[in-house]
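Peer 1: Each chain is listed here by its residues.
There are 2 protein chains.
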Amino acid sequence: MTSNSFCEFFEGTEKLMEIWFDKYQDNPNDCDLRHIQRSAWDTLLSFVNCKIISFKRNEHMDAYVLSESSLFVSKNRIIIKTCGSTTLLRCLEPLLYLVKQVAGFDEVVDIFYSRKNFMRPELQDGSHRTFENEVEALDNLFEDGAAYCMGRMNSDCWYLYTLNSPLIESKSFKQTPDQTFEIIMQNLDHKVMNIFTRAVSSSGKEATQKSGIDKLLPGMTIDDFLFDPCGYSMNGLIKGGYYVTIHITPEPHCSYVSFETNCPHTAYPDLVNRLLKVFIPGKFLMTICANELSTSFNAHKEFRDVEFQGFDRKELQVCRFKNYDITYGLYAKPNS
Amino acid sequence: MTSNSFCEFFEGTEKLMEIWFDKYQDNPNDCDLRHIQRSAWDTLLSFVNCKIISFKRNEHMDAYVLSESSLFVSKNRIIIKTCGSTTLLRCLEPLLYLVKQVAGFDEVVDIFYSRKNFMRPELQDGSHRTFENEVEALDNLFEDGAAYCMGRMNSDCWYLYTLNSPLIESKSFKQTPDQTFEIIMQNLDHKVMNIFTRAVSSSGKEATQKSGIDKLLPGMTIDDFLFDPCGYSMNGLIKGGYYVTIHITPEPHCSYVSFETNCPHTAYPDLVNRLLKVFIPGKFLMTICANELSTSFNAHKEFRDVEFQGFDRKELQVCRFKNYDITYGLYAKPNS
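Sequences listed follow chains D and C, in order.
Residue 1 is where the first sequence starts when you use our numbering, and the numbers rise one by one after that.
Residue 1 is where the second sequence starts when you use our numbering, and the numbers rise one by one after that.
Hints in this document: simulated from the structure, not taken from any laboratory.
Since the model is a prediction, treat every value here as computed from it, not as a measurement.
Beta carbons: idealized from backbone N, C-alpha and C, even for Gly.
Careful, some of the hints might be misleading.
Simulated restraints on C-beta separations [stated by the list, open to error]:
id, chain 1, residue 1, chain 2, residue 2, range
1, C, 312, D, 43, 52 to 62 Å
2, C, 312, D, 140, 24 to 34 Å
3, C, 301, D, 307, 38 to 48 Å
4, C, 129, D, 54, 19 to 29 Å
Computed list of lysine to aspartate or glutamate pairs in EDC-like fashion (alpha-carbon distance at most 16 Å, straight line) [said to hold, decoys possible]:
id, chain 1, residue 1, chain 2, residue 2
5, C, 314, D, 22
6, C, 283, C, 189
7, D, 100, D, 22
8, D, 75, D, 107
9, C, 322, C, 189
10, C, 333, C, 312
11, D, 239, D, 59
12, C, 322, D, 305
13, D, 322, C, 305
14, D, 322, C, 30
15, C, 322, D, 307
16, C, 100, C, 30
17, D, 75, D, 22
18, D, 322, C, 312
19, C, 322, D, 312
20, D, 174, D, 312
21, C, 75, C, 93
22, D, 314, C, 214
23, D, 75, D, 93
24, C, 277, C, 228
25, D, 283, D, 307
26, C, 75, C, 30
27, D, 333, D, 144
28, D, 322, D, 144
The following block holds chain D by itself, in its conformation from the complex (with noise of 0.2 Å):
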């Protein structure tokens, strides 16, 4: 700890997980996850351990701040990201049964369960402590799902849970042209890092706009959270269906931030030097995952010859599965 630390540790490293839903038998027409009330999902969130701070919905999605990360809910799709100790897997049995019940939608079409390795994994629960531990629970709700680690097992990597089957011969699934881009910083410049906390800043607006963040992609209506004494939460929502969510523990010894969206780009290489603009990290994950109707869907042969100045190449992974490409990509500065 430098005598900038200013609190404990904290996990940034969040649990991500999106689940899209189809009904199996009849249209789904009917079926939308936004007739889930919030105060149901008040107490789906309590079996994670956090809570819902602020609110904002457009046509296509509502979108939660949460005091652990972010909720997104669209017609027929969930994304729930939470970082800490919570314990996210916990929500999802009572999760589907609620979307039955409620949404109306009997299937899951899809599952992504997705997370960095943690910083210190014996700080978790029992149920997320090993990503071992977590497949067993997964596999237990669902068939034929896939399990995979990119990176190094034994150093940063990414874990990722998905179906990884045929999409479910429903009478009214279409796929839409999907794409999801994260990265994941860490090291990042203490500078940069002061901004998102309550001795430099006042309010989740004044950071959003000292940092950079307002000007990172156009058109984002944006919600955003400066947690005391530090941490920053942001939800944008973008017109036709597009979110952005970025969360930050600026802590020094343990500083991390996620950027999030699935607003398509045809050149990824320029967003990301834009985001190692505003952040300054030391070294970053990143991961691409785009159906075959997306127009990223070749973004990895972007990344082939692509160098970000200072930075090694660690890794540079592509899986191609049944409905999605996945590119993973690890940099770093020589000293970080």
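Assemble chain C onto chain D, guided by the hints.
Peer 2: Frame of chain D; chain C shown alone:
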């Protein structure tokens, strides 16, 4: 088990270790791993729990058939592959010592330790029961070793440990074109497997010819061995410093065939098709490891759109490492 079952369970799944050596300070011209005497290998292999049962050599390589798989010794590279419940990693420390004392090399340039997931890990010695255990042992001997898992961690997968660091700045080490192709086949045709039993074939040579192994690649000098009552091993040497090795566990309830070669190919799918025709597996896992100088460096592109008749592609992954690209594919018949 079927009426065809003639033996107890045998773990065909091999542990495979390839190590490249160099001399850090001086000219390595006088160094040669083939200075290591047969008696020293005998002692070393006692740590592994296997024995030499046959030997052939050419100007490039010494090739040993072992009671459990094979050992290839070139001037600056050792390849050792052992199956069953052998304890391969137990020979590593004494091997490094022996190499220094007898062959004169003092530097490990690169190491590749790999294996498929075991069918029955609980039957392995503690040192090999989990990949985590293996990684721990390797991490104790090497700095900056990288551990990977390709494929599904909760099903069929392939583990790899390698240094993945920039080539050591050695005065002498020159990278040469290098590629390794390995295919691991399971759930094989019973009639084909019967060829590799004493009940059907009287010798290794007969099994080699009956099966068509002798025609798989041109120009092989073959050293083959048929075990009693069943099981088959083969080393092939090809001019130019190339090897082939095939190991067969024919028991119907645990049938397993591995084929490995460093022979460069520009059309791997053709080779795969020849192998599928000879062995008729229900599923197969394939890896290609090639450096930038290899004509096989872009092999992964060949597999992007290729299909193998009767097989579903379960997985295709590509990793770019510092010095090597690795392509991983898993294919299975619908009911296998």
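Peer 1: Output the indices of the hints that this structure fails to meet, ascending.
Peer 2: Hints 1, 3, 4, 5, 9, 14, 20, 21, 22, 23, 24 and 27 are the ones this structure does not satisfy, whereas the remaining hints hold.
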